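*Asks:* The residues making up each chain are set out below.
Number of protein chains: 2
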Amino acid sequence: MTFPVVGMVGGGQLARMTHEAGIPLGIRFKLLSDTPQDSAAQVVSDVVVGDYRDLDTLRDFARGCDVITFDHEHVPTEHLRALEADGIPVRPGPDALVHAQDKGVMRARLDAIGVPCPRHRIVTDPADVAAFAAEGDGEGDGFPVVLKTVRGGYDGKGVWVVRSEEEAAAPFLAGVPVLAEEKVDFVRELAANVVRSPHGQAVAYPVVESQQVDGVCDTVIAPAPDLDEALALRAEEMALRIAKELGVVGHLAVELFETRDGRILVNELAMRPHNSGHWTQDGAITSQFANHVRAVLDLPLGDPRPRARWTVMVNVLGGDYPDMYSAYLHCMARDPQLKIHMYGKDVKPGRKVGHVNTYGDDLDDVLERARHAAGYLRGTITE
Amino acid sequence: MTFPVVGMVGGGQLARMTHEAGIPLGIRFKLLSDTPQDSAAQVVSDVVVGDYRDLDTLRDFARGCDVITFDHEHVPTEHLRALEADGIPVRPGPDALVHAQDKGVMRARLDAIGVPCPRHRIVTDPADVAAFAAEGDGEGDGFPVVLKTVRGGYDGKGVWVVRSEEEAAAPFLAGVPVLAEEKVDFVRELAANVVRSPHGQAVAYPVVESQQVDGVCDTVIAPAPDLDEALALRAEEMALRIAKELGVVGHLAVELFETRDGRILVNELAMRPHNSGHWTQDGAITSQFANHVRAVLDLPLGDPRPRARWTVMVNVLGGDYPDMYSAYLHCMARDPQLKIHMYGKDVKPGRKVGHVNTYGDDLDDVLERARHAAGYLRGTITE
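Residue numbers (the working numbering), protein chains in the order written: chain D, 1 to 383; chain X, 1 to 383.
Just so you know, the hints here were simulated from the structure itself, not pulled from any lab data.
Quick caveat, the model's predicted, so the values are computed rather than measured.
You may find that some hints are simply not true.
Derived list of chain X stretches under chain D, where covered just means 3 residues or more per stretch with a C-beta under 8 Å from a C-beta of chain D [stated by the list, open to error]:
| hint | region |
| --- | --- |
| 1 | 38 to 45 |
| 2 | 235 to 249 |
| 3 | 268 to 279 |
| 4 | 282 to 295 |
| 5 | 318 to 328 |
| 6 | 340 to 347 |
Cβ coordinates follow ideal geometry from the N, Cα and C atoms, glycine included.
Build the full structure now, drawing on both the sequences and the hints.
*Replies:* Pasting the structure below:
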C-alpha cells in the first residue's frame, strides 16, 4: 500500500486545517472546492473546482481518492449513497451523516436510543406550533418555542425563536419540514467531541464550555470550568454512544445544553471537525483534525488528552477593518505565546475569518489573552 | 497592507514544513521547485517549477513575492545580490547567507569576531594538508585531518577525514577551494538554534544534543542532557552574537562540538530551519518553522521555550521497505502520543524521508519511543 489520497469535499476552513494536519502524515489531499479562492483551495496543491451537488462532479472527483470526507454536511444524502454503491469509502457514511444533515432524523434516532433531548416534534404550520407550545409542562402558553428547518441551517441560520403563533410563519415559507423544540432554560452550553474509526476505536476529548453570541460560537474553554465530574463523564459517554449507535466515522461534535437542574440535553450534532474542537490544535496532544484524518483512514487514533491546564479558543469575526494582518504586530508582540489561525477569507462583518488559541495555568489570564487578541484582530479593541 | 506572499526557493522538506507552519498565519506561500513532485510541491497550491541557478527564473519567480527565503543554501550569491538590487527583500540576505554557503568565508568571519572554531585554514594540495597537520600542537604527524570543499557540501557530502597525505587527493579533484580542519576530540555534538528578525529581535531555543550516524543527523535530544548551565548559556549567547554580527534574518542553526576539556567550537552554520530544530514542531511553544516565517516577515517572534521536559527527534531514513505507510498501524497503535512527520519522498536507502518526535518527563522512555518508531518505519525493527 502506498500513501493514500484523502478526498475532501468542501473548501472551507475545516478543509484547510484538515489539510494542514494531514501534511505531517504524508497523506495526499485532494480538494473539491466551489471556487479556486476558497479557504482550503489557497493552500492545497490538488484542487478540483466544482459543484458538490452534482453527482457526476462528485464521481469524477472521487476517482483517484481512497476515501471521501467532508468540510460540511451539505452533500445530498442520495449522492453519498451513489458513491458508496460505486465502491468509494465515504466517511462518515450517508447512514451516519444523515443525522447531521436532517434534524428530524437526528431527533427521532436519539429518542430511539434513549439520549436526552429538548422536547420536540415536527410541526406543520403556525397553529401546530401553538399546539406544541401548549403541550409543554411549563406555565403560561408554553412560548417561546425554537423552530428549525430540518435541513440547511448552521450558525444560527435556519433557526427562529418565536414568542407567539403570529411570529411562527417565517420558518414555513421555505417549504422544508420544520422542527419545534422547547427553549431550554440552560446554564451554559457544552460540547463533547469524540472521534471514531471504522474498526470501532474511539477517543473522547475533554468536555468544553462553548459560549455563543447571536447564535455563533464565540469562546470555547477546555475543559469546561467547574463541571461536575460525573456530568462530564456522562457527556463523554453519551457522545461515544451516539458515535457508535449512529455508526459515525471521523469527528463527532455533540453540542449540549447544561440545564439548571443538572441534566444535559443534546442540542446539535456535527460529523466533521467542529468549532468547539479548534482548541485541540494547540491544547491537545492530538488535534481534532489529525484524528479526523486518522479515523477516515482507519488508522489508530491519537491521544486526545490536553497538554495544558486550560486552553481557550476565541473566534475572530470580520469587523470594520478589512486588514487584519497589520494587527499581527501588536498581537504577537503583546503575547509571544498566542496562536493565530487565519482562514485566508475576505473580511465581512460577522463572518468567521479565523480564531486564536491561548493556553496556560491561570484561566483568567488565558481568557483575557485570547479575548484581547481576537478583539484586536477584529478591530473592537484598539489598545 | 494585505496578507503577504512568502516566496520559498527550494521544494524540499524544509519548505514543506515551513508552508505547514505558515498556513495558520494566513500568509500566501509561493514555491520555486525543481520538479512538481518535490516534497513541498505536493502540498503547496502556488508552485513554479524552475531552476534556482537561473537568474531570469528567479526574477520571474520573485515578481509577486513580498519576501524571498530558502529551503537550502545553494542559490548563487550573485543572484541573491541581483534580486536585492531589484528591490526584493531576500531573507537571509546574501551578505549573511554567504557564511552558510562558503565555509572559508564563514571561518574567516568567525575568527574575526572571536568565535572559537576548530583549528583550520584553506589548503592548496595534499602536501599542504600534511603541512597543516604538522602545524598542530598534538603528538605524532597531526593526522587525521578533516577536509571540506568550501561550497556544496551537506549531510557528510563534501567532507573527508584523511589520515595521510596520500589520502588527501580526492577533495582537490572538484577544483573547489578546500578547507582543512583539525579533527576535534569532542564529547558530543550540540546545536544552538536562534531566530532573528530584520528589526533585531532574536530568540534562542534551548541548546540540544545532536547525534550523528555516518555524518547524518540521527537523533536530537532537547534540551541537551546534563549540559553545564554556564556552557549552555555560552552556546546560546554565541549563536545570538553570530546571528547579529552576520546580519542573519530567519532561523540560524549553529552546530557545535563540545570538547573533552569543556570548550564549545563551531562546526557548521545553517541559515534556514534545520534538522536540529525539528523537535520544536511538537516540543516548543513556537516551532522553528513558524518563527522563521515570522522573522522573514519582520513580525514579532514567538516564544521558543519548550512545552515538555524532554523532546526527542529521530530521523526516519529510507531502508529496505519502500512502503512506510503500512508501518503506521503498528507505530500509532503502540504509541498514541507519537508525532510522525513524513516528507512525501520516495524511499531510497539512507535518504531522509521523515522524522518522528516524542516528548515526556522520562528521557529514557521518550528516547525509546522515538527510536522504536523510526526504526519500525525504516524496517530495521520489526516487532
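*Asks:* Determine for every hint whether it applies to the structure shown.
*Replies:* These are the hints, each one checked on the structure:
1. 38 to 45: holds (count 5)
2. 235 to 249: violated (count 0)
3. 268 to 279: violated (count 0)
4. 282 to 295: holds (count 3)
5. 318 to 328: Holds: 5 residues of the region 318 to 328 of chain X have a Cβ under 8 Å from chain D.
6. 340 to 347: holds (count 5)
In the structure shown, a violation is registered for the earlier hints numbered 2 and 3, in ascending order.
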